[in-house]
Amino acid sequence: MRIKVKIMAPLYFGLNSVDQISLDLNLADGATVEDVVDILNELYPGFKDKIIRNGKIIDMHDILVNGRSVDFLDGLRTRLKDGDFVLIVSPFGG
Amino acid sequence: MAVFRVARIDLHTEKVTEEVYKDDVLKKFLGGRGLGSYLALKEIPKGIDPLSPSNRLYIFAGPLSAMANLSTSRVTVVTKSPLTGSLTHSNAGGNFAYWLRKSGYDGLIIEGAAEDPVYIVVKDGDVAIKPAKHLWGKWTGATIKALLRENGFPEEEKAAGAAVIGPAGENLVKIAGIRMSDYERFAGRGGVGAVMGSKKLKGILVWGTRDLLKDVKDRAKFIAESTKLAQRLMSGPTAKALHIYGTNLLTAVINSLGAYPVRNFETGHAEEADKLTGEYIKKNYVVETHACMMCPIACTQHVMVKSGPYKFVGKAKYEYENTWALGANVGLFDPEADLRLQKLANELGFDTISLGNTLAAAVELAKKGKLKLDVDWGDAGALADLVIRTANRSDIGDDLAEGDYRLSLKYGDPSVFRGSRGQGLPAYDPRALKGFALSYFTANRGGDHLEAYSPTWEVLGVPEKVDPLCETPECIEKQARIVIYAQHLMALTDSVTYCKFATLDHEGIFEKDLAYLFNLAYDWDVTPEDMLAIGERIFNVERLFHVKEGKWVKDELNPHFRNPIPTGPAKGHSAAKMFDEGIKIYYKLRGWVDGKPTYDVLKRLGLEEFQYLL
Numbered sequence: 001m002r003i004k005v006k007i008m009a010p011l012y013f014g015l016n017s018v019d020q021i022s023l024d025l026n027l028a029d030g031a032t033v034e035d036v037v038d039i040l041n042e043l044y045p046g047f048k049d050k051i052i053r054n055g056k057i058i059d060m061h062d063i064l065v066n067g068r069s070v071d072f073l074d075g076l077r078t079r080l081k082d083g084d085f086v087l088i089v090s091p092f093g094g
Numbered sequence: 095m096a097v098f099r100v101a102r103i104d105l106h107t108e109k110v111t112e113e114v115y116k117d118d119v120l121k122k123f124l125g126g127r128g129l130g131s132y133l134a135l136k137e138i139p140k141g142i143d144p145l146s147p148s149n150r151l152y153i154f155a156g157p158l159s160a161m162a163n164l165s166t167s168r169v170t171v172v173t174k175s176p177l178t179g180s181l182t183h184s185n186a187g188g189n190f191a192y193w194l195r196k197s198g199y200d201g202l203i204i205e206g207a208a209e210d211p212v213y214i215v216v217k218d219g220d221v222a223i224k225p226a227k228h229l230w231g232k233w234t235g236a237t238i239k240a241l242l243r244e245n246g247f248p249e250e251e252k253a254a255g256a257a258v259i260g261p262a263g264e265n266l267v268k269i270a271g272i273r274m275s276d277y278e279r280f281a282g283r284g285g286v287g288a289v290m291g292s293k294k295l296k297g298i299l300v301w302g303t304r305d306l307l308k309d310v311k312d313r314a315k316f317i318a319e320s321t322k323l324a325q326r327l328m329s330g331p332t333a334k335a336l337h338i339y340g341t342n343l344l345t346a347v348i349n350s351l352g353a354y355p356v357r358n359f360e361t362g363h364a365e366e367a368d369k370l371t372g373e374y375i376k377k378n379y380v381v382e383t384h385a386c387m388m389c390p391i392a393c394t395q396h397v398m399v400k401s402g403p404y405k406f407v408g409k410a411k412y413e414y415e416n417t418w419a420l421g422a423n424v425g426l427f428d429p430e431a432d433l434r435l436q437k438l439a440n441e442l443g444f445d446t447i448s449l450g451n452t453l454a455a456a457v458e459l460a461k462k463g464k465l466k467l468d469v470d471w472g473d474a475g476a477l478a479d480l481v482i483r484t485a486n487r488s489d490i491g492d493d494l495a496e497g498d499y500r501l502s503l504k505y506g507d508p509s510v511f512r513g514s515r516g517q518g519l520p521a522y523d524p525r526a527l528k529g530f531a532l533s534y535f536t537a538n539r540g541g542d543h544l545e546a547y548s549p550t551w552e553v554l555g556v557p558e559k560v561d562p563l564c565e566t567p568e569c570i571e572k573q574a575r576i577v578i579y580a581q582h583l584m585a586l587t588d589s590v591t592y593c594k595f596a597t598l599d600h601e602g603i604f605e606k607d608l609a610y611l612f613n614l615a616y617d618w619d620v621t622p623e624d625m626l627a628i629g630e631r632i633f634n635v636e637r638l639f640h641v642k643e644g645k646w647v648k649d650e651l652n653p654h655f656r657n658p659i660p661t662g663p664a665k666g667h668s669a670a671k672m673f674d675e676g677i678k679i680y681y682k683l684r685g686w687v688d689g690k691p692t693y694d695v696l697k698r699l700g701l702e703e704f705q706y707l708l
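Here the protein sequences line up with chains B and Y, keeping their order.
1 is the number of the first residue of the first sequence in my numbering; add one for each residue after it.
95 is the number of the first residue of the second sequence in my numbering; add one for each residue after it.
Each hint should be verified, as a subset may be incorrect.
Not everything, but these chain B residues come out facing chain Y in the computed CB check (under 10 Å) [stated by the list, open to error]: (1) Asp-19; (2) Asp-59; (3) Gly-67; (4) Gly-93.
Derived from the structure by calculation, the hints contain no laboratory data.
Just so it is clear, CB atoms sit at the ideal spot from N, CA and C, and this is done for glycine as well.
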């Protein structure tokens, strides 16, 4: 299946891009949000530690799947389906 | 003991009187929004025209403003709003609060009206009223430079504090704001700029050498302890993200949640918003990051558009709200056209949120054939033309200058007004962030995200995470409780004063820290619960102003938000259930009946002097 991933605020996450990072990923059926984070960690070594600590999303950070926080889905075990959109959310204020 | 010095300036008689408020009042209301609202309730006669000389402007810092490096240089303007016809408060950062306090005063009360344009200079305790006829008509940036130059300062906005209006305020445009120095800061909302214009007051310049820690019991300890708090604040992730990208990080997340209002809140998601994101604008247009005085976060982003049809001279300050209001909400997705509109609005002296609301209402009226106007969504040229006409009140601009609420009534379609209490809403759709279904429509000043900012708990999870779409009885009760807590905390931020951005993080500054700082600074003996009670007292005082005016007392959901969002991630959601069921719990928790405080509440909060209003 094919999903879309965006990383908000890459500079905040220590990545070498000012603008959002946008990726199209091919994943095996049954892949989860944690699998996506693992792939991102391969692409950007150390990334996983910037968003997950002790098996949970770090406070004031989030991961959205089609606009829903995984906190209100099945957490990092949330299963993805073809066409899903995953957003890695940094802290913010306004 | 805390001491709060106020200069009361009558522009008709040119008489200046000094007033001093001490612990007995300050422990109940602090300064800023709290003391301003209390005095406004006591002093502003019922039923006056907000643009008459009888109205007053309370321009107040707070008892901790500019004393600690904790985002504390903030000033609040309280007045009777020409837009809503009842009390409003509007808060700005920059350096005005710092220089106001350095000038020897913690607040200014402006009464009456001058015959001809004037400006006020406060320097080390001396207040002078000077002619400003030669400045009338000037844009805001040029006015600040002129005030600095004419009073012996370099034309550098850090050199002194300035508060000015542009043509919009001069022409009594009801969505005009007051621009504050240190680059395009605004006390924007509620039409406070028009009140200044009605008094023929073009600007205020403040400067001085007062020792702001003079009344502090133990100076070294206060500095050491407040520095520790600043370090803690900066150790949190929110401050770091804000510093790098500024407020416009919000575009990506709010759009993804389906809560990003598009074309006058028609829907909550725009596929074409990528070029309005903070990340895209940072990459292409941001030239520097800047800080308000006494702020460790430094979130301000300055942009330049150097070429093309939308280029402008010099730098501009830009934010999420402005980018949305003059972008997606008017169907405009060209970042350069958007940034130029923001610059134009700031120079003319508008509240950018209400300007965006008003333009969006005008476009919708035109599309429906109710207003004869050749404009479409996203038509950058026509929109810029309307902005200038509105500032000058020329032809159709005269109607737009009355704001979105009156415009919708005049052209026979109140449904195009998307606001509350006569003021249009900011950049979040309350159908997709349902905390706003309660916080927007209970906000005392109307159309407001800053009296209780629901993404704090609905996305960031501070103090605890609440599902923004959940409508179970448990979620609704939780939302009502947390909105009330936030309303009290936000009343404190505007009265202490410090920035709300210090409350978005678990490592932020909350009631416990405030009690500690006040006890340390002024030898007070207040608890965190006492601090929140001050917030509750302020919120009730503001509501009592509505009771006194007999206006906007009962909280009402704008009917548009009963309709489900038609597209996007939050498709099908409405604000109706959260509001209809939540408001009952909200009133019960507050001890109110139909939006009105009861005697028992006034007694509990020590507000018996206002029981005659009930």
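To see whether the hints hold, each was checked on the structure:
1. Annotation: Asp-19(B) was flagged as interfacial toward chain Y, and the flag holds, the nearest CB pair being 4 Å apart, inside 10 Å.
2. Evaluation of the Asp-59(B) hint against chain Y yields a held restraint, the C-beta minimum of about 6 Å falling below 10 Å.
3. At its closest, the beta carbon of Gly-67(B) sits 3 Å from a beta carbon of chain Y; the interface hint therefore holds under the 10 Å criterion.
4. Look at Gly-93(B): its Cβ gets to within about 5 Å of chain Y, closer than 10 Å, so that hint holds up.
When each numbered hint is compared with the structure, no violation occurs for any of them.
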